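Enquirer: Listed here are the chains, written in short residue letters.
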Amino acid sequence: MDLTLEHITHRYSDVPVLQDISLHIPAGEILCIIGPSGCGKSTLLRLIGGLERPDSGQVLQLGTPPEGCLNPLTYVFQDFALLPWRSVGGNISLVLEDHGIRGKAADAIIADVLARTRLSDFRNALPRQLSGGMKQRVAIARALAVNPAVMLLDEPLSALDAQTRELLMEDLVALWTRQPFTGIYVTHNLAEAVRLGHRIAILSRRPGQLREVIKVETPLGDRHAGQPELESLQARLWQMMKDEAVAADQELLNV
Amino acid sequence: MSDADPARPVPFRGGGFRPVAKRGTGIVVFLLLLALVEWGTRAGWIGNLTLPRPSDVGVTLVDLARSGQLWVHLIPSLTRLAVGSLLGVTVGIGVGVMIGLFSHVRAGLVPLVAALFPIPKIALLPLFVIWFGIDEASKYALIALGTFTPTVVSTYGAVDNVDRTLIRMGQSFGLSWLSIVRKIVLPGALPGILSGLRVSIAIGIILLVAAEMLGAQYGIGAYVLQAGSLYDLERLFAGVVILSALGVLTSAIVGVLERRLLVWRG
Ligand SMILES: Nc1ncnc2c1ncn2[C@@H]1O[C@H](COP(=O)(O)OP(=O)(O)OP(=O)(O)O)[C@@H](O)[C@H]1O
Ligand SMILES: [Mg+2]
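These protein sequence lines are chains A and B, in that order. Each step along the first sequence adds one to the number in our numbering, with nothing skipped, and position 134 is 134. Each step along the second sequence adds one to the number in our numbering, with nothing skipped, and position 27 is 1027.
Calculated from the structure, these hints are not laboratory results. Note that the structure is a prediction, hence the values are computed from the model and not measured. There could be a bad hint or two in this list.
Which residues of chain A face chain B? A few of them, derived with a C-beta cut under 8 Å, are [to be verified]:
id, residue
1, GLY49
2, THR74
3, PHE122
4, LEU126
5, LEU130
6, GLY133
7, LEU237
8, TRP238
9, MET240
If you only want the chain B side, here are some residues facing chain A, beta carbon under 7 Å, derived [as the list claims (entries may be wrong)]:
id, residue
10, THR1050
11, THR1079
12, GLY1174
13, LEU1175
14, TRP1177
15, LEU1178
Where a beta carbon is used, it is the ideal one built from N, C-alpha and C, also for glycine.
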């Protein structure tokens, strides 16, 4: 399933947040969105997933979601959004119950996604017993359980430490290699963007406008930390963003 | 820094501000107080019109239990408390959840609840007697109304405090409205609802006694009133002890509920 954004414009009361954003995301591709803080990245993601309506413009899905897809547009949140009163298994079954998947069928799906995220031993643990990285893996497992056509990830690794982030990036690449998914990955971490994005979209400071879309040629599986071409790309991205970031920072000071 | 400076351990500045329940301390304090009063009344520096002797109160309690009079008073009281607060609390939780979920209900009912809350409910007893009769129904209604308002306030506060990102998450996975309420909003509000329950039931006990004092033949309130009007301090205090025990008991029941239902909080 492809996604197309057509001239998305959005404002909160009188503050314009996003201005005329058009993008096409083909199936099986991960698009990273970077931009200075407050430029409307999270807002854009909420608009794409239908949690909010844009003031003008529209988000279109092209084609039908694949067979067995329970929730075409599925989020992974920065703060995990796990129900603290449900076990790991219960958090995953939560999103299956409404589709009438219970008992054996649910068990099979839960076991499968937990195995894919290396969490099989923690099925009965409560969220408070897990580390941050494990919580986010549970959230990813939950997203995988509904077999999404598009994954919407809003800074999924920002709450984690650098080592855990590195491990989870590898996990995400492994998951994508095993079964390519369409992804929109919002981050302010340029290293994540160059590791995970097939393309990287750069937004300007608020009101967010699309400044540039950069294609990264290296296949996902061949990228790793500290690679020279990724480093130089990262430096280039930082050059582009620096002025915007400084200006955005000043703006916040002047509020 | 010179070499002559002695090495000193860094002074400890943390700790405190985290009271933990120490098992048995409450009982020890209680017993010490009792012992003090017992000693005072026996030694004579507490006059026998100031405070009754704790051992005499104990004897009165035992007699009350032996003669069966205890149950004659306790059972109607417990029934009134149970029926009245069950009614008030269930309706209160229902209304509170509605206020938490629907803007129109909130706009319509929050001012009403705010207006009802500060009314001393006991002042309404004569009205309830006219509406529901002199018998049990008016007492049920009084206790129900008294527990209703605090339950509503704590329930809608608890619903308001449910983490919005969890609700957003539910919506993003396409959960139905009912599922979101049942599986996210209600469990998320449960801690707040249960701690509100403690306050509501304590208010229920106060109203129970007041209602029984104003018009009941049997009941702990009636028993305390009779004893008071005869200046029978032993019996008065026996009644008070029973009421305190009732308060401790209901609070313990809520505590058990919390431990059972909120295991996930750790
Ligand atoms: N619900 C809302 N109501 C009003 N203003 C909002 C709302 N959500 C976001 N905003 C404002 O819109 C702007 C963009 O917010 P958004 O969260 O999309 O930015 P972001 O790019 O995700 O920032 P960050 O990098 O800090 O996550 C901000 O100025 C924010 O204050
Ligand atoms: Mg954001």
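Enquirer: Each of the hints needs a verdict: does it hold here or not?
Expert: To see whether the hints hold, each was checked on the structure:
no.	hint	result
1	GLY49	holds (6 Å)
2	THR74	holds (7 Å)
3	PHE122	violated (15 Å)
4	LEU126	holds (5 Å)
5	LEU130	violated (12 Å)
6	GLY133	violated (19 Å)
7	LEU237	violated (29 Å)
8	TRP238	violated (30 Å)
9	MET240	violated (31 Å)
10	THR1050	violated (52 Å)
11	THR1079	violated (34 Å)
12	GLY1174	holds (5 Å)
13	LEU1175	holds (5 Å)
14	TRP1177	violated (11 Å)
15	LEU1178	violated (9 Å)
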